[in-house]
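Engineer: Spelled out, the chains give:
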Amino acid sequence: MPTITMPELQFGEVFANIDLLLEACGLTLALWAVALAAGLSGGLLVGLARLSPRRWIAWPARGYVELFRNTPVLVQLIWFYYALPVVSGIQLPAFAAAALALSLNASAYCAEIYRGGIQSVAAGQWEAGRALGMGRLRLLRRIILPLAVRRMVPAFTNRAVELAKNTSVASIITVHELMYTARLFSSQNYIPMETFTVVAMIYFLLIYPFTLASYALERHFAAGRA
Amino acid sequence: MTVAGDVVLQVEDLHKSFGSTEVLKGIDLSVRRGERIAILGSSGSGKSTLLRCMNVLEMPTRGRLILDGEAVGKPAAGGATRYREAELNRLRARVGMVFQQFNLFPHMTALENVMEGPLSVLGRPKAEARRTAQRHLERVGLGGKADAHPARLSGGQQQRVAIARALAMDPEVLLFDEPTSSLDPELVGEVLGVINDLSEDGRTMLLVTHELGFAYHFATRILFLHEGRILEDGPPEQVLKSPREERTRRFLDRFTAFRF
Ligand SMILES: Nc1ncnc2c1ncn2[C@@H]1O[C@H](COP(=O)(O)OP(=O)(O)O)[C@@H](O)[C@H]1O
Ligand SMILES: [Mg+2]
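Same order as they appear, the protein sequences are chains A and B.
Sequence positions in the first sequence follow our numbering and run 1 to 226.
Sequence positions in the second sequence follow our numbering and run 1 to 260.
It should be emphasised that the hints constitute simulated quantities derived from the structure, not laboratory data.
In silico contact screen, one side only, chain A against chain B (beta carbon under 8 Å); selected entries:
{"no.": "1", "residue": "M134"}
{"no.": "2", "residue": "G135"}
{"no.": "3", "residue": "I143"}
Ideal Cβ placement from N, Cα and C applies to all residues, glycine included.
Sequences and hints are given; from them, build the entire structure.
Structural biologist: What follows is the structure, given as structure tokens:
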């Protein structure tokens, strides 16, 4: 256990209970993983729908994206936890409500990343694929998406990092993840400075390896195109 | 081999408009198996649009396309034709296209580019696709570049890979849209050489080009397109040396104005 010289700060107290915080990381990571996976897959569907020439597909997709991008994620969580039961009679457990709201939010952002990425692929690539007789889906899977995804990695990384921090909003609806546990701990022990500094370090340690991995992925793709 | 066989691709009263401008104003054309047709015409005369309608990369506004005696699409109101996506994909697999800008898939090696069609459109087994792709690369003189990505190839090499990619589908008709127009002059020869070698196979080819000398030697038939209509249609000797139309003559004169 590190010894802290500044007398007014009591990091020792926080580190003595570090296991509480570390255990809470499990739910933080779970929320992050679920919302990220849902965002990457749901976002693809919504992004493709946004690009559809059929208005009855494109417009609802656009409405969904705008709704979730232009309202606070905090409100979205509260809505799924407190308002959904009133409107529909379905009371989701706190974790499920948080996972659902974060997933839908992430999907909206990812949809825009997919849309931009797909549109950035040169028209000649579509033409070359079509000239071989490839159907739209096969062309997307074999040519367009592999090219687009290479350019989308930085944007997805950005979104994923943002999402990791957004999971802390789930503390508002009593999901016992890292931030909830930290708030509880700090209010019981009256050491918010120390607690939240350590919590920030924990978030950093959770997120930074992910960022490093995405840099490696970027380098890998850059090498492949040489 | 210049013997013309049966009609493989037929275009009937083809019209194409973009918005209110009519680019093709009624094209009738029968392409016989084994014919090599060079299409000449000024910029904007509709040459690319005609080729792109022949593999339906562009939807014709009006008219019919008949491949191997089978009409493509179903007639709809007002002389238009309705096309089904699956049918168009099948047609495009049989009518190959080589683009001015090559359009190779940059994330794939030369070999993978050539394998892609047989693999994902024709459903060939991977080993077989690889073998035939390698053969086609050798055919265009690039057997040693199989593992190179397009970014590492010269323009001429990229276009030869694109030709191999089109050949790998074993198309009944092969369309070339100004295949050498975006190449440095010293690279034009290698690509024209490869295209010329394809003549041996007796494959049906249509080539839009501004290389009149090549057209003269390569083609069995020359079309001159002007403002969306075929103005001249005949053997190279006749079209290039004694064109019927004043406009054709003026077009050809521009190419022969400077000589040394
Ligand atoms: N997708 C398009 N949208 C609008 N106009 C087009 C399109 N493609 C071609 N055109 C127009 O059609 C005319 C013929 O074009 P094109 O077939 O490319 O001529 P060429 O290949 O003989 O130079 C040109 O005026 C061009 O601007
Ligand atoms: Mg053109």
